[in-house]
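Undergrad: Starting from the known structure of chain X, fit chain A onto it as the hints suggest.
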Amino acid sequence: MGKIRFKFIRGEQVKYISHLDMMKTFERAIRRANIPVKYSQGFNPHPQLVFGLPLSVGVTSEAEYADIEIDGELAPSVFLQQLNTQLPEGLKVTDAKESRAKSNIMASVAFASYDIFIKTGLDALELQEKLDEFMKSESVVVKKESKSKVRDVDIKPMIHRLELTNYEKGKSTVCISAFLSAGSSANLKPELLFSALKEKSMPDIRLAGIHRTGLFISGKGKMVDPLDPDVLKG
Amino acid sequence: MKISDEILISVEKPSRYTGNEWNQVNKDLSGINIRFAFCFPDVYEVGMSHLGMRILYHLINERDDTYCERVFAPWVDMEQRMRENGIPLFALESKDSIKDFDFIGFTLQYEMSYTNILNMLDLAGVPIRSSDRTAGHPFVCAGGPCAYNPEPLADIIDFFVLGEGEEVINEVLDEYMKWKSSGSSREAFLDNISRIEGVYVPRFYKTEYNQDGTIAAIKPKDDRYPGKIRKRIIKDLNKVFYPEKIIVPFTDIVHDRIMLELFRGCIRGCRFCQAGFIYRPVREKSAERLRGLAEKLVESTGYEEISLTSLSTSDYTQLQELTESLIDDMRRKKVNLSLPSLRVDSFSLELMEKAQEVRKSGLTFAPEAGTQRLRNVINKGVTEEDLLNSVSIAFEGGWSGVKLYFMIGLPTETYDDIDGIADLGNKVVKAYMDTPKEKRGKGLRVTISTSSFVPKPFTPFQWEAQDTIEVLREKQKYLNSKIRSKYITYNWHDPELSFLEAVFARGDRKTGEVLIKAWEKGCKFDSWGEHFKFKEWLDAFDECGIDPAFYANRKRAMDEVFPWEHIDIGVSRKFLERENKRAYKGELTPNCRINCSGCGAAAFGESLCKT
Numbered sequence: 001m002g003k004i005r006f007k008f009i010r011g012e013q014v015k016y017i018s019h020l021d022m023m024k025t026f027e028r029a030i031r032r033a034n035i036p037v038k039y040s041q042g043f044n045p046h047p048q049l050v051f052g053l054p055l056s057v058g059v060t061s062e063a064e065y066a067d068i069e070i071d072g073e074l075a076p077s078v079f080l081q082q083l084n085t086q087l088p089e090g091l092k093v094t095d096a097k098e099s100r101a102k103s104n105i106m107a108s109v110a111f112a113s114y115d116i117f118i119k120t121g122l123d124a125l126e127l128q129e130k131l132d133e134f135m136k137s138e139s140v141v142v143k144k145e146s147k148s149k150v151r152d153v154d155i156k157p158m159i160h161r162l163e164l165t166n167y168e169k170g171k172s173t174v175c176i177s178a179f180l181s182a183g184s185s186a187n188l189k190p191e192l193l194f195s196a197l198k199e200k201s202m203p204d205i206r207l208a209g210i211h212r213t214g215l216f217i218s219g220k221g222k223m224v225d226p227l228d229p230d231v232l233k234g
Numbered sequence: 235m236k237i238s239d240e241i242l243i244s245v246e247k248p249s250r251y252t253g254n255e256w257n258q259v260n261k262d263l264s265g266i267n268i269r270f271a272f273c274f275p276d277v278y279e280v281g282m283s284h285l286g287m288r289i290l291y292h293l294i295n296e297r298d299d300t301y302c303e304r305v306f307a308p309w310v311d312m313e314q315r316m317r318e319n320g321i322p323l324f325a326l327e328s329k330d331s332i333k334d335f336d337f338i339g340f341t342l343q344y345e346m347s348y349t350n351i352l353n354m355l356d357l358a359g360v361p362i363r364s365s366d367r368t369a370g371h372p373f374v375c376a377g378g379p380c381a382y383n384p385e386p387l388a389d390i391i392d393f394f395v396l397g398e399g400e401e402v403i404n405e406v407l408d409e410y411m412k413w414k415s416s417g418s419s420r421e422a423f424l425d426n427i428s429r430i431e432g433v434y435v436p437r438f439y440k441t442e443y444n445q446d447g448t449i450a451a452i453k454p455k456d457d458r459y460p461g462k463i464r465k466r467i468i469k470d471l472n473k474v475f476y477p478e479k480i481i482v483p484f485t486d487i488v489h490d491r492i493m494l495e496l497f498r499g500c501i502r503g504c505r506f507c508q509a510g511f512i513y514r515p516v517r518e519k520s521a522e523r524l525r526g527l528a529e530k531l532v533e534s535t536g537y538e539e540i541s542l543t544s545l546s547t548s549d550y551t552q553l554q555e556l557t558e559s560l561i562d563d564m565r566r567k568k569v570n571l572s573l574p575s576l577r578v579d580s581f582s583l584e585l586m587e588k589a590q591e592v593r594k595s596g597l598t599f600a601p602e603a604g605t606q607r608l609r610n611v612i613n614k615g616v617t618e619e620d621l622l623n624s625v626s627i628a629f630e631g632g633w634s635g636v637k638l639y640f641m642i643g644l645p646t647e648t649y650d651d652i653d654g655i656a657d658l659g660n661k662v663v664k665a666y667m668d669t670p671k672e673k674r675g676k677g678l679r680v681t682i683s684t685s686s687f688v689p690k691p692f693t694p695f696q697w698e699a700q701d702t703i704e705v706l707r708e709k710q711k712y713l714n715s716k717i718r719s720k721y722i723t724y725n726w727h728d729p730e731l732s733f734l735e736a737v738f739a740r741g742d743r744k745t746g747e748v749l750i751k752a753w754e755k756g757c758k759f760d761s762w763g764e765h766f767k768f769k770e771w772l773d774a775f776d777e778c779g780i781d782p783a784f785y786a787n788r789k790r791a792m793d794e795v796f797p798w799e800h801i802d803i804g805v806s807r808k809f810l811e812r813e814n815k816r817a818y819k820g821e822l823t824p825n826c827r828i829n830c831s832g833c834g835a836a837a838f839g840e841s842l843c844k845t
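Top to bottom, those sequences are chains X and A.
For the first sequence, position 145 (counting from the first letter as 1) is numbered 145 according to this note's numbering, and the numbering increases by one without interruption.
In this note's numbering, each number is its position in the second sequence, counted from 1, plus 234.
So that you can see chain X by itself, here it is in the shape it has in the complex:
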């Protein structure tokens, strides 16, 4: 048999785990669940397990994806059920399907959507105006830190949608939903977008939390769900 692609939730309880530790957590849960995973060759065999897009420490998600290679036979529904008995609180597999996708999930991720929760003194009207203004700008150049250097990056082309989705009168926490480029070719982290908003448009805002709501791959020029039957057919 081949691969299973699965979707999982990362909740509040486990949001401070780093990406590497998250992978180790799954590897150990897979061993506990006796899931016949395929291992890499060599001195230091590793289970063949690939995750979609790393989440930053502190970020929750309802749309994480991973591909796993199975050694032998295992129905995706059995995989889901067995693995869930061995996952710590806060992690839960919500869907699993057999996959013949041409490329693995990490290589095919193209977009991600987020809810960015902010604390602000601005009211709904002011916020909407600021966001519209921000989206109208030709470019949004910010400093991006990589391993050794800081360089200027225009993040504007990577922001596809930005809207106020939740505003309750009298509440100081509001939600901005963002649809951003993600993956290996162009990737915008929601934290960086927040910093840009704060720096360029709304200096008073404070970050209260980030939640990933979706992860998508591009297929035939449009974005699709990683578990879309057409994608999994290969």
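There's no promise every hint is true.
Unchecked claim - Straight-line distance between alpha carbons at most 27 Å, and here's what the computed DSS-like set of lysine-lysine pairs gives: (1) X:K24 to A:K479; (2) A:K530 to A:K479; (3) A:K567 to X:K97; (4) A:K247 to X:K144; (5) A:K247 to X:K119; (6) X:K102 to X:K92; (7) A:K412 to A:K462.
Unchecked claim - Some chain X residues well away from chain A (every beta-carbon gap over 10 Å; in silico): (8) I9; (9) L74; (10) Q86; (11) G121; (12) E126; (13) F134; (14) V141; (15) S218; (16) M223; (17) P229; (18) L232.
Unchecked claim - If you want the ones that stay clear, here's a sample from chain X, every Cβ over 12 Å from chain A, calculated: (19) R100; (20) L122; (21) C175.
Read the hints as simulated data drawn from the structure, not as lab findings.
Beta carbons are placed, not taken as given, at the ideal position from N, Cα and C, and that holds for glycine.
TA: Structure of chain A alone, referenced to chain X:
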């Protein structure tokens, strides 16, 4: 209590503080009578690597009336945020403040963690001195290897538990249940448990001093307290509780694997090594029991590695049988086996190659001293030939990284012995060069590390003086100048830290004041280089009118009364004295299996010594 996201996101490694790991014990508080905070006075990654804590956590939680939770020292960034926000020290499981717990228990693994104990008590809002705690405060207890000289902490800890805790902790908790319903005083509880073997309540003892500052006598304040407090041991390790589930941390800890304890005690008797004496007599677990535990632990944790841990793993009598069956069992599950602390003289290539089938690990040797003369003095019965043979075999097997551990400042050491360290390093390099190119691995790396000798209680060297900081530094400099090979890296320990270790390892009750003073001056995380404040320590000694050299650098008279004179580990003072004399004559003492040297530990049950 909930720790806010704003705080957690602002600190390094927030998952140190969030708990919720696989196999964490969760309990409904409504049925709980005793809340126990098991504290490790260092950060999460260090504390979670400690086997004793992992055993006792699950052991205590076997009780339906008790909930044992873990507490670690918050790193300085988290501590600052906690103090700014008025967050008291909390238990990892429930996040409840430990101020309202019934017990706060510390494990004492190294002297330089003592300031963290004070800091944790303070952060918890619990008075630091035992005498300032009153009804409603938790009882503060401690155990672990450093508890064998409990005196520096005598004014801080309410009671100590000496020796292996698996049985005695339950006896204490049973007494507590009786006491809790009796409504008697705090003092009455301590009085009750002072009758349990292995429990030491320092407030019931007084120390009398001589004019010169040495101790005249340590006596119980009343006849009803034991004159000598004897450590506890577990007689049958096959029957004693060992957890079949252990917590699997999310974040990388120092020893992130299943630890299988093969045996307790050590047959060797290296004269500098405290562990070699305090854990006597040697008691083994059967290979069958260990195999069963390994199977269950792999199942319950999903760990990818098992390590065999004991003081001298290769002395385990069923080692071959055990490793062969474990390697077989684990290969299917892709679980690695690691074999730490193998002795040079029984180094077995066969064994290493078998372990290597699954994974290759580095090689470590601990000759401890540079010349045969000095190795005989410390009773490290290893010869240069042994070492070079083992190293050559390893090089032929494809290894190319070797670590060599030595000690400087050992009794009778001369500069010839230090030359010997450098020579040995060069000979290891030569052994590599003499290995055929097609067999040896690429990129030779030899690391020489020296620690500084710290005389410890209950060892044949408990009477000895430590070299002064200046002399230790001089010797390190000398050795560094002698090591010229580009293949050899030299690492050394900070002699100032070793000096303080020596003070508190053999400190008396008076030194407790220095601990408090140093902590007040901001000392904590002393063993973490960047937080070590030696000047503050010296000021603390000065202000307390205590000369640290009296404790570290003074050779004791053979008949001097030690601060730990009232503690009985089973090994007799006479035996240690005999070993001290043999050391000066350079005489080796054979290991326990070759010949019983009459150390006294047989008193725990003679049959134990014969395994």
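Undergrad: Each hint should be assessed against the structure and marked as holding or not.
TA: Here is what the structure says about each hint:
Between the alpha carbons of K24 of chain X and K479 of chain A the distance comes to roughly 18 Å, so the proposed pair stays at or under 27 Å and holds. For the hint linking K530 of chain A to K479 of chain A, the alpha-carbon distance of about 8 Å falls within 27 Å, and the restraint holds. For the hint linking K567 of chain A to K97 of chain X, the alpha-carbon distance of about 25 Å falls within 27 Å, and the restraint holds. Between K247 of chain A and K144 of chain X the CA atoms are separated by roughly 23 Å; this keeps the pair inside 27 Å, and the hint holds.
A distance of roughly 24 Å separates the Cα atoms of K247 of chain A and K119 of chain X; the hinted pair therefore holds under the 27 Å criterion. Straight-line distance between C-alpha atoms of K102 of chain X and K92 of chain X comes to about 26 Å, which keeps the hinted pair within the 27 Å bound. Proposed proximity of K412 of chain A and K462 of chain A is supported: the alpha carbons are some 26 Å apart, at most 27 Å. With a closest Cβ-Cβ approach of about 15 Å to chain A, I9 of chain X is found to remain outside the 10 Å limit, as its non-interface label requires.
Chain A leaves L74 of chain X outside its interface by the beta-carbon criterion, the shortest separation being 17 Å against a cut-off of 10 Å. For Q86 of chain X, the condition that its CB be more than 10 Å from all CB atoms of chain A is violated, with the nearest at approximately 7 Å. No beta-carbon of chain A is positioned within 10 Å of the beta-carbon of G121 of chain X; the least distance is around 17 Å. Its beta-carbon lying about 24 Å from the closest one in chain A, E126 of chain X satisfies the requirement of being farther than 10 Å from that chain.
Remark: the non-interface label on F134 of chain X is consistent with the geometry, its nearest Cβ contact in chain A lying 24 Å away (cut-off 10 Å). For V141 of chain X, the non-interface assignment is confirmed: its Cβ lies about 26 Å from the closest Cβ of chain A, beyond the 10 Å cut-off. Here S218 of chain X stays apart from chain A, with its beta-carbon at least about 32 Å from theirs, past the 10 Å limit. Consistency note on M223 of chain X: stated as away from chain A, and its beta-carbon is indeed over 10 Å from all of that chain's, at 30 Å minimum.
Look at P229 of chain X: its CB is around 32 Å from the nearest CB on chain A, clear of 10 Å, so calling it non-interface holds up. Every Cβ of chain A is farther than 10 Å from the Cβ of L232 of chain X; the closest lies at roughly 28 Å, confirming the non-interface assignment. No beta-carbon of chain A comes within 12 Å of the beta-carbon of R100 of chain X; the shortest separation is about 26 Å. The claim that L122 of chain X is not at the interface with chain A holds, since no C-beta of that chain comes within 12 Å of its own (minimum 20 Å).
The Cβ of C175 of chain X sits about 15 Å from the closest Cβ of chain A, beyond the 12 Å cut-off, so the non-interface label holds.
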